[in-house]
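Each residue of the sequence shown is one higher than the last, beginning at 1 in the numbering used here.
It is possible that some hints are incorrect.
Capping the alpha-carbon separation at 20 Å, the derived lysine to any residue pairs in SDA-like fashion look like this [stated by the list, open to error]: (1) Lys129 with Leu184; (2) Lys19 with Glu188; (3) Lys9 with Ala47; (4) Lys110 with Glu75; (5) Lys189 with Asn168; (6) Lys19 with Gly78; (7) Lys19 with Arg162; (8) Lys129 with Asp91; (9) Lys110 with Pro32; (10) Lys19 with Ala84; (11) Lys19 with Arg179; (12) Lys19 with Asn185; (13) Lys159 with Asp116; (14) Lys189 with Ser161; (15) Lys19 with Thr178; (16) Lys110 with Tyr30; (17) Lys159 with Asp131; (18) Lys9 with Glu75; (19) Lys19 with Ala124; (20) Lys189 with Ser165; (21) Lys129 with Glu188; (22) Lys159 with Glu190; (23) Lys129 with Ser165; (24) Lys19 with Trp79; (25) Lys19 with Arg120; (26) Lys110 with Trp160; (27) Lys129 with Leu191; (28) Lys129 with Phe166; (29) Lys159 with Glu147; (30) Lys9 with Trp79; (31) Lys129 with Gly192.
Hint data in this document are derived by calculation from the structure and do not stem from the laboratory.
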Amino acid sequence: DRAGWGARKPTSITNLTRKPLSFYVIHHTYQPPNCYDDVSCIQRVQAIQDLHQIDRGWVDIGYHFLVGENGKVYEGRGWDRQGAHAPEWNDDAYGICIIGDFRTASPNEKALNAVDSWLRCGIALGHVKNDYYIITHRQSQRPGYTECPGDGTFNVVNKWSRFCSFQNSGANLTVNETRVSLGLNFCEKELGLSSSAPIHLFTPIVLFHLLLTYLF
Numbered sequence: 001d002r003a004g005w006g007a008r009k010p011t012s013i014t015n016l017t018r019k020p021l022s023f024y025v026i027h028h029t030y031q032p033p034n035c036y037d038d039v040s041c042i043q044r045v046q047a048i049q050d051l052h053q054i055d056r057g058w059v060d061i062g063y064h065f066l067v068g069e070n071g072k073v074y075e076g077r078g079w080d081r082q083g084a085h086a087p088e089w090n091d092d093a094y095g096i097c098i099i100g101d102f103r104t105a106s107p108n109e110k111a112l113n114a115v116d117s118w119l120r121c122g123i124a125l126g127h128v129k130n131d132y133y134i135i136t137h138r139q140s141q142r143p144g145y146t147e148c149p150g151d152g153t154f155n156v157v158n159k160w161s162r163f164c165s166f167q168n169s170g171a172n173l174t175v176n177e178t179r180v181s182l183g184l185n186f187c188e189k190e191l192g193l194s195s196s197a198p199i200h201l202f203t204p205i206v207l208f209h210l211l212l213t214y215l216f
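Can you make the complete structure from the sequences, with help from the hints?
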C-alpha cells in the first residue's frame, strides 16, 4: 500500500465515476531513471510524488500504479481515484507507469511480469472490464505530443493480446464525441467485445498470492 513507500496524503480526492473501466494506459517515467531494488524504487516513487504534488501543484502522484524493475508494484492513486496521467482519459483509464527510461531498451522481465499480473488483478477485483483495452500514453494524445512510454516499452506492449492500435489524431471533436468514445469504437472494431476477450478467473487464494507477490 501507499504507506509502504512513505506516501504523503493527497490534498484532495476525486473518485472515478465510471467503473469498471475499459482502458489501461501504459507510461514510463523517463526521469527518474530505472530502479532494480526496493530501496531505489521507493526513492523513485517518492521523487515522482514530489514532482507531481510539490513542483506541479497536483493533488497527488498522477499514476494509479507504478512498477519497478525489481518486480514490485507501488500504489499511486489506486483503483478508486481519478488519475492525472493522460489528459481526456483520467476518468476512463488506469495509468500504469514503469519506472525508468525506455526510449530504447525494454523493461526487464520482472517489470513486464508485474505489469501483466497487475492488469489481470484489475479484472479479477472488478475494477476493469473483461473486454478491456491497452494503449500507451503516446496513443492517447495527438501525434508528437509525447514519446512515452518509449519505443522499448511500446514494442513490447504492442504485441500483447489486448493492445489496441488506436491513435488520437488530434482532430477537433464533434458535440457528442470524446477521445475515449472514439477509442472505444476503434478498439471494439479491432479487438471485439467480451465474447472474444480473455476472461481471467482467479480463486481467492491465487488472487491473494498475486497481491502478496507484486504489491509492495
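List in ascending order the numbers of the hints, as given earlier, that are violated by the structure. As far as the earlier hints go, not one is violated by this structure.
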